[in-house]
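*Asks:* Sequence:
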Amino acid sequence: MTENPANTNLRGALLALLAFAVFASHDVVIKYLGGSYSPFQIVFFSVLFGFPIVTFLLMRDASEGNLRPRHPWWTAARTFAAVLTGVGAFYAFSTLPLAQVYAILFAGPLLITLMAIPMLGEKVGWRRGLAVLVGLGGVLVVLQPGSTELQAGHVAALGAACTGAFASVVVRKIGQDERSVVLILYPMMANFVLMGAALPFVYEPMPLVDIGASAVIAALALVGTSCLIYAYRHAQAVIVAPMQYSQIIWASLYGVLLFDESLDRATLIGTGIIVASGIYIVLREGRGGHSLNTPVLRTRSRTGTPVAPRIGQFLSPEQRRPGGGSAADRKAG
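Note that the working numbering has the sequence shown beginning at 1, numbered continuously upward.
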């Protein structure tokens, strides 16, 4: 008996909401540790605890080959971008209100759309182009240049959004040729080596509870990614992708309850503009016929989570398509 596509899409949407709630909790732990430790130290220990988890997942990779990348320069560029994304996001979460960080990181889909033009040969029509410009205007509303003092955290969040978008577009460019194990392990090893090299200069002794919190970061990344994988297996990408914006709700709640933060008017208005633009781009790509590469819908990994594996490797070829989802969806189509 074929399951109703509406039910599978609903299940996928709920799983995605759960995934992003878990990711928001992941970011709360980062913010907690960021009050006492350098982002280099936090990234190092989260990657250290993430290695056994990710290695266990990679044992399922039955494809033949080696760990030499087929596109070494693109792989190196993506690896470097991924390292900068993790450090930038961790630092931003440590120093800025959660809602502000999310508002800036939400610019990622807009930047992916822009970067896909030169890197993927993507054709962007005037509607999506206008949506990108409006969304980037929303970022300016959040930052309020000239009226508020921009901090290093704002620069770090903007940098993370840019490098995260770049890394995502590179995956779209070379992901069909490179083994998933290469795309996962190289950034993790780079984080481990580079953060380990910086550790002697920034290290602060960690009590057992904080070491445990570092392990929690890795565990929450795995749980959130697992929920997101199942969400994409059940529902169409156009249903799942907009659920990332639910993180702003969790950011507001956590900010008020745990960190005495408030959501100012500029952040609220700017976030609304960014979210509306991002959802429009997702829906525009999901309609088909407007995008050759659908760079946003085919980008499923979560920005700023160094130990989260790529989601695409756990999906079937049909599920990787923008309209992909459950078997019920495909039969109904």
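Note that these hints are calculated values from the structure, not bench results.
All values derive from a computational prediction rather than experimental measurement.
Incorrect hints may appear among the rest.
Here are the simulated SDA-like cross-link-like pairs (lysine to any residue), alpha carbons at most 20 Å apart as the crow flies [said to hold, decoys possible]:
1) Lys-123 <-> Val-209
2) Lys-123 <-> Gly-255
3) Lys-173 <-> Ala-76
4) Lys-123 <-> Leu-253
5) Lys-173 <-> Val-124
6) Lys-173 <-> Leu-120
7) Lys-123 <-> Val-134
8) Lys-173 <-> Trp-73
9) Lys-123 <-> Gly-286
10) Lys-123 <-> Leu-133
11) Lys-123 <-> His-71
12) Lys-173 <-> Pro-72
13) Lys-123 <-> Ile-279
14) Lys-173 <-> Asn-293
15) Lys-123 <-> Leu-136
16) Lys-123 <-> Arg-287
17) Lys-123 <-> Asn-293
18) Lys-173 <-> His-71
19) Lys-173 <-> Ser-301
20) Lys-173 <-> Met-119
21) Lys-173 <-> Leu-136
22) Lys-173 <-> Ile-279
23) Lys-123 <-> Ile-174
24) Lys-173 <-> Leu-67
25) Lys-173 <-> Gly-212
26) Lys-173 <-> Met-115
27) Lys-173 <-> Ser-252
Derived Cβ-Cβ restraints for the label pairs, each shown as a range [stated by the list, open to error]:
28) Glu-149 <-> Ser-36: 17 to 27 Å
29) Glu-149 <-> Leu-268: 48 to 58 Å
30) Gln-151 <-> Val-223: 25 to 35 Å
31) Leu-208 <-> Pro-52: 10 to 20 Å
We put the beta carbon where it would ideally sit given N, CA and C, even for glycine.
*Asks:* Is the distance from the Cβ of Gln-151 to the Cβ of Val-223 consistent with 25 to 35 Å?
*Replies:* holds (31 Å)
*Asks:* Does the structure keep Lys-173 and Met-115 at a Cα separation of 20 Å or less?
*Replies:* Distance of about 11 Å is within 20 Å: holds.
*Asks:* Hinted pair, alpha-carbon criterion (20 Å max): Lys-123, Val-134. Please report holds or violated.
*Replies:* The given pair, whose Cα atoms are some 18 Å apart, holds under the 20 Å limit.
*Asks:* Can the suggested window of 17 to 27 Å be confirmed for the beta-carbon pair Glu-149 and Ser-36?
*Replies:* holds (24 Å)
*Asks:* Assess, step by step, whether the Cα of Lys-173 is no farther than 20 Å from the Cα of Leu-120, and give holds or violated.
*Replies:* OK: Lys-173 and Leu-120 at ~7 Å, within 20 Å.
*Asks:* Hey, Lys-173 versus Ser-301, does the alpha-carbon distance stay inside 20 Å?
*Replies:* Holds - the C-alpha atoms of Ser-301 and Lys-173 are around 15 Å apart, at most 20 Å.
*Asks:* Could one say that the CB atoms of Glu-149 and Leu-268 fall in the range 48 to 58 Å?
*Replies:* Taking Cβ atoms as reference, Glu-149 and Leu-268 lie about 19 Å apart, which means the hint is violated.
*Asks:* Starting from Lys-123, check that the Cα of Asn-293 is at most 20 Å away, please.
*Replies:* Roughly 9 Å separates the two Cα atoms, so the pair holds.
*Asks:* With the threshold set at 20 Å, check whether the alpha-carbon distance from Lys-173 to Ala-76 stays at or below it.
*Replies:* holds (13 Å)
*Asks:* Take the C-alpha atoms of Lys-173 and Met-119, compute the straight-line distance between them, and say whether it is at most 20 Å.
*Replies:* Status holds; Cα separation ~8 Å.
*Asks:* Given the proposed pairing of Lys-123 with Ile-279, does the C-alpha separation stay at or below 20 Å?
*Replies:* It holds: about 18 Å lies between the C-alpha atoms, which stays within 20 Å.
*Asks:* Against the 20 Å threshold, does the CA-CA distance of Lys-173 and Leu-67 hold or violate the hint?
*Replies:* holds (18 Å)
The structure does not agree with the numbered hints 1, 2, 4, 11, 21, 22, 25, 27, 29 stated previously, though it agrees with the rest.
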